[in-house]
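With chain F held as given, fit chain C onto it using these hints.
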Amino acid sequence: MVDVILLTAKLAAVSTVLLLLLGTPLAWWLAHSRAWIKEGVAAVVALPLVLPPTVLGFYLLVAMAPDGPIQTVFGPLGLKPLAFTFSGLVVGSVVFSLPFVVNPIRNAFEAAGERPLEAAATLRAAPLDAFFTVALPLASPGLLTGAILGFAHTVGEFGVVLMIGGNIPGETKVLSMAILDYVETLQWAEAHALSALMLGFSFCVILTMTLIEKRLRRRLR
Amino acid sequence: MRFPKVAVLAAVSVLLTPGLARAGETLVAVAANYTAPVKEIAAAFERKTGDTVKFAFGSTGQLYTQITQGAPFEAFFAADDERPIQAEKDGFGVPGSTFTYAVGTLVLWSAKPGVVDAKGEVLKTGGFNKLAIANPKGAPYGTAAVETLKALGLYGALEAKLVQGNNISQAHQFVATGNAELGFVALSQVALDPSGSRWVVPRELYAPIYQDVVLLKTGAANPVASAFLAFQKSPEALAVLEKYGYGVRK
Numbered sequence: 001m002v003d004v005i006l007l008t009a010k011l012a013a014v015s016t017v018l019l020l021l022l023g024t025p026l027a028w029w030l031a032h033s034r035a036w037i038k039e040g041v042a043a044v045v046a047l048p049l050v051l052p053p054t055v056l057g058f059y060l061l062v063a064m065a066p067d068g069p070i071q072t073v074f075g076p077l078g079l080k081p082l083a084f085t086f087s088g089l090v091v092g093s094v095v096f097s098l099p100f101v102v103n104p105i106r107n108a109f110e111a112a113g114e115r116p117l118e119a120a121a122t123l124r125a126a127p128l129d130a131f132f133t134v135a136l137p138l139a140s141p142g143l144l145t146g147a148i149l150g151f152a153h154t155v156g157e158f159g160v161v162l163m164i165g166g167n168i169p170g171e172t173k174v175l176s177m178a179i180l181d182y183v184e185t186l187q188w189a190e191a192h193a194l195s196a197l198m199l200g201f202s203f204c205v206i207l208t209m210t211l212i213e214k215r216l217r218r219r220l221r
Numbered sequence: 001m002r003f004p005k006v007a008v009l010a011a012v013s014v015l016l017t018p019g020l021a022r023a024g025e026t027l028v029a030v031a032a033n034y035t036a037p038v039k040e041i042a043a044a045f046e047r048k049t050g051d052t053v054k055f056a057f058g059s060t061g062q063l064y065t066q067i068t069q070g071a072p073f074e075a076f077f078a079a080d081d082e083r084p085i086q087a088e089k090d091g092f093g094v095p096g097s098t099f100t101y102a103v104g105t106l107v108l109w110s111a112k113p114g115v116v117d118a119k120g121e122v123l124k125t126g127g128f129n130k131l132a133i134a135n136p137k138g139a140p141y142g143t144a145a146v147e148t149l150k151a152l153g154l155y156g157a158l159e160a161k162l163v164q165g166n167n168i169s170q171a172h173q174f175v176a177t178g179n180a181e182l183g184f185v186a187l188s189q190v191a192l193d194p195s196g197s198r199w200v201v202p203r204e205l206y207a208p209i210y211q212d213v214v215l216l217k218t219g220a221a222n223p224v225a226s227a228f229l230a231f232q233k234s235p236e237a238l239a240v241l242e243k244y245g246y247g248v249r250k
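Each protein sequence line maps, in turn, to chains F and C. The opening residue of the first sequence carries number 1 in the numbering used here; numbering runs sequentially from there. The opening residue of the second sequence carries number 1 in the numbering used here; numbering runs sequentially from there.
Chain F with its partners taken away, still in its complex shape (with noise of 0.2 Å):
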């Protein structure tokens, strides 16, 4: 039970550190570009909130096939199959959780408007020296719920896992799996014992990230 509960914890870590890298660039284009297909990219980020994970799985399963896009393209660079693999389930874990990162910081990134950036350039700070020094800080509350979302939502993610998963100890059989085994072979402690951690964990998420967030915006007041 613990190799399973650690592997869940490295999914969602490795898919948040992805998510914050990904994550932040565009969530800072989405809140400063006057591009005209600025809201259709997102509606393309925000699509995994109301897809259902059957169908999210569905396509990355038909798109990381051997025969698939994927391998077609990254296949010759050395890529192997992504299906069934630690990779694949972070890729997918990704792209599932990407709104839960971007739209926290990309509304930061819009509260905290262009003047503390206009006034940084008049002091003659250098664009990416501004972003790292001025805006990334004014943004952290949102940069934080997003990490803790997509960690979050991904330590609770089930239907991608089954449907590119195929259940694997030590490599995709992930918390939420493990859970469906031992309801489905009326093992009700030990479903018992790890839904109510999932709870636990769940309910610690939600009241933490409210109270680092009440603390934040309290400071930069």
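Please keep in mind that the hints were generated in silico from the structure rather than gathered at the bench. It is possible that part of the hints are untrue.
[Stated by the list, open to error] Taking beta-carbon pairs under 10 Å as the criterion, some of the chain F residues facing chain C (in silico):
(1) 64
(2) 166
(3) 185
Glycine is no exception: its CB is placed at the ideal position from the N, C-alpha and C atoms.
Positioned in the frame of chain F, the structure of chain C alone reads:
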């Protein structure tokens, strides 16, 4: 908007009296391997009686868990002979109603021609990426696949290549999409599909997959449920079973 009270009452009373002067209906839970044949058998049954059969498909374990939690299924077509008996013991099944409706056949299958040879030697050479099986915890065909690998002395060597579908349908889907090059599936899933390559696993390599059906207490009062179960033994049904590669218990 306001409706006249009479109209509302009339509408409600129509909604509350299902089946009034209509043909009967039954909802049965079916293990995934039996999906295609049971639909055909039900179509023949519906033509004959005018009654309707509705299905809930899943793995045997998943369906049984749902039954223990009050699912409204009236009969349970399992892929093993343990859970229907268990259902009788635990008070969900009608005592004495269990019988074997089919004997399952395990097959090693690849969506690509020429991958699986006629003797299953490909398992020994190991020249494939992944081997899909159904989850042995909830799906009897998964258990049979593991038994086969153990009987061949290959389980230890191939364990790292195993990927599990939640039920036999998902195992089949992993192979059909090409994500797994090989997989142990039910013969019924590929019996009518000449594509790919296959090895029908000899029956001495795994314990017989006796597939039992049980009438559930929820369906005890529904003549359609009992009639559909009895129909499984009709010549029409047996012809369908044979077509899909099932055996009959002797």
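Quick rundown of the hints versus the structure:
1. Annotation: interface hint on residue 64/F holds; nearest CB of chain C at approximately 7 Å, less than 10 Å.
2. Proximity of residue 166/F to chain C holds as hinted, the smallest CB-CB distance being about 3 Å (cut-off 10 Å).
3. Evaluation of the residue 185/F hint against chain C yields a held restraint, the C-beta minimum of about 5 Å falling below 10 Å.
In summary, this structure violates none of the numbered hints.
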